[in-house]
Amino acid sequence: MEKLIALLIAAPLLGAVVLLVGGRRLDRVGHWVGTLLSTASFVVGVFLFADLLGRNAEHRTLIQHLWTWIPVEGFQADVTFRLDQLSMTFVLLITGVGSLIHLYSVGYMEHDERRRRFFGYLNLFLAAMLLLVLADNYLLLYVGWEGVGLASYLLIGFWQHKPSAATAAKKAFLVNRVGDMGLSIAIMLMFTTFGSFAFGPVFGHVDGATEGKLTAIGLLLLLAACGKSAQVPLQSWLGDAMEGPTPVSALIHAATMVTAGVYLIVRSAAVFNAAPDAQLVVTVVGTVTLLFGAIVGCAKDDIKKALAGSTMSQIGYMVLAAGLGPIGYVFAIMHLVTHGFFKAGLFLGAGSVMHGMNDEVDMRKFGGLRKYMPVTFITFGLGYLAIIGFPGLSGFFSKDKIIEAAFAKGGTEGWILGGAALVGAAITAFYMTRVMLMTFFGEKRWQPDENGAEPHPHESPKVMTIPMIVLAVGSVFGGAFFSIGDRFLKWLEPVTGHSEGHSPVSAGEITIATMACLVIGVGIAWAQYGRRPVPAVAPRGSLLTRAARRDLLQDDFNHVVLVRGGEHLTRSLVYVDHTLVDGVVNGTAAGFGGLSGRLRRLQNGFARSYAVSMFGGAALLVAATLLMRAV
Amino acid sequence: MNPVNYLYLAALLFTIGATGVLIRRNAIVVFMCVELMLNACNLAFVTFSRLHGNLDGQVIAFFTMVVAAAEVVVGLAIIVSLFRTRHSASVDDASLMKL
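These protein sequence lines are chains A and B, in that order.
Counting in full-length UniProt numbering, the first sequence runs from 1 upward without gaps.
Counting in full-length UniProt numbering, the second sequence runs from 1 upward without gaps.
Keep in mind the hints are simulated off the structure, nothing from the lab.
Bear in mind the structure is a predicted one, so any value in this text is a computation, not a measurement.
Check before you lean on any hint, since a few could be wrong.
[What the hints assert, rightly or not] If we take Cβ atoms under 8 Å as the criterion, some of the chain A residues that face chain B in the derived model are:
| # | residue |
| --- | --- |
| 1 | ASN604 |
| 2 | GLY605 |
| 3 | PHE606 |
| 4 | ALA611 |
| 5 | VAL612 |
| 6 | PHE615 |
Glycine included, every Cβ here is placed at the ideal spot set by N, Cα and C.
Using the sequences and the hints, build the whole thing.
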């Protein structure tokens with residue numbers, strides 16, 4: 001059974017190679033090849049899942065050793081895969097949601113002449129992400145990690161003829177490099193501390209390491225997670241990444257890429273459990289990001305960017321939960337899975353809206369679309385209800401648990417974290433209701449474009465709506481399915497461990513508070529965008545609104561602190577180089593040049609002046625001899 | 001007569017020769033002054049030979065004469081060819097290798 005694990009990665013990798021090397025001959029079938037291989041990987045995943053379910057909880061870890069990659073004395077890098085409950089969950093999410101997105105892309109990218117290449121990149125993305133979650137050591141994980149970075153770069157910049165897309169891809173890649181640096185240093189630190197970077201030895205020897213070292217490793221891993229999962233302070237790439245085709249946004253935000261950071265933290269649970277300071281930083285990062293993303297999401301008129309802010313915020317919830325330790329790990333992953341369903345559904349819905357509206361993304365030019373796109377409306381609506389945590393839907397179960405775990409942290413911290421999570425829930429309800437109302441309700445606000453062509457909103461083809469329907473079903477029932485009888489908890493507990501916290505407030509009270517936040521958020525949004533017509537041109541807005549429209553000045557901050565700071569640093573270094581380093585070198589050269597210029601004058605060609613030198617020298621020698629003799 | 005007087009004479013002749021080499025421009029005169037210095041040396045050598053009572057100084061004086069004779073041959077040839085190309089016997093005019 002272990003032998004099948006490699007097949008999970010091999011199928012999409014084969015797809016990527018065939019599609020990218022195969023060339024134009026495959027243009028007509030390429031998209032189906034890609035979808036088929038991605039689905040094949042999913043089928044293998046389901047097969048392995050059934051096998052794992054048939055075993056006892058203790059025997060659910062499968063290890064497949066392929067070969068030794070770098071065999072050096074004391075440094076063994078193996079290509080070994082580990083399939084346990086945690087990676088199994090990710091495999092099903094990645095291949096399942098990934099395959100649906102493949103299917104959707106068949107319709108969405110129909111008129112793009114580079115569709116085959118697009119599917120090749122999608123397959124590469126899946127293969128890299130699967131390698132990341134299946135690796136049994138950090139070095140192999142790093143290979144997948146970089147592969148995800150590469151694939152995201154290729155896909156965000158897929159429409160590279162647009163300068164904005166090319167820039168966005170570069171930005172995502174560069175910001176991610178900062179995080180990657182953290183991961184690579186963390187791996188080196190692990191190697192010096194534990195003598196290994198394989199999961200087993202590292203997690204087994206955590207007790208032997210000092211807390212300072214573990215904290216350093218934890219913080220570096222957090223830096224890595226911040227890069228891939230778009231957490232503050234490395235969040236700035238996520239909004240711009242919307243330049244990619246919409247299925248890419250769905251793939252990045254739901255199934256791959258941004259979930260990698262959460263995976264890394266949960267996978268390294270043993271390290272974080274032993275480093276409480278690092279855990280505290282993780283929770284702070286998660287809390288700040290969940291509020292940051294939510295506030296940004298409130299102000300965006302671009303439907304995809306509003307959803308991007310929402311992703312940032314939801315991942316913030318997961319990171320917060322992961323930082324809480326064993327109380328939260330399971331719920332972080334559970335929210336990740338349910339989020340995978342409803343966020344993929346929401347993005348595919350947004351793509352469907354754009355597909356029907358001539359690629360318009362400004363929500364102020366939508367309005368009243370529910371009559372024109374009923375299927376999109378219903379699936380998007382179900383995703384919306386799931387993300388705001390409507391009782392009974394996915395988000396309700398997973399998000400409530402995280403808020404509960406935050407309160408259970410105890411003390412002042414618990415109140416602050418739990419309170420922030422509650423405020424985040426209210427803001428989530430607000431911005432998602434806003435998106436919903438501006439897109440599907442109210443009067444139609446679209447205008448003919450410059451060429452006089454009026455958009456004719458229409459429902460998308462079946463190949464696009466079917467994945468949306470499947471994802472909507474998942475968003476509706478996923479949470480309940482996982483929560484009944486604590487199924488998900490029991491499934492994941494052997495890997496991540498679990499402990500019940502003692503919350504100062506009861507679960508019932510938290511649910512009531514969450515519902516109150518939900519009602520407040522929806523109510524404010526209704527009052528602002530439902531009751532009165534939405535202006536087609538964005539009003540000036542308050543200072544906060546304007547700041548949020550500029551992503552809370554993240555780029556300005558980066559520009560002032562990093563770009564300007566870097567410029568000043570280089571300028572001063574160049575100055576030092578010119579004056580000090582070059583000064584010494586050039587000064588020496590000039591000194592010798594001047595000296596030789598003076599010495600050259602002695603050699604003037606007049607025989608008599610040479611004779612003077614000779615006589616002078618001889619006289620000196622005689623004088624010196626006499627002097628020595630006298631002494 | 002005190003042999004040291006010969007040494008004074010040699011020193012005087014050498015000084016006259018050296019001064020001439022340094023201050024005269026005419027190549028022929030400079031050349032003669034060099035000869036004067038050589039002969040001043042010869043005089044000193046011969047004197048020392050007499051003072052020490054051996055023949056070393058006289059032998060060296062013969063060597064010096066041979067060298068002086070060879071120098072006259074080469075030196076005059078150079079001065080003649082210098083005069084032919086530059087139409088001047090001044091050593092200051094010949095400050096460059098090229099014409």
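Results of checking the hints against the structure:
no.	hint	in the structure
1	ASN604	holds, 7 Å
2	GLY605	holds, 3 Å
3	PHE606	holds, 5 Å
4	ALA611	holds, 5 Å
5	VAL612	holds, 6 Å
6	PHE615	holds, 6 Å
Violated hints for the displayed structure: none, as all numbered hints are satisfied.
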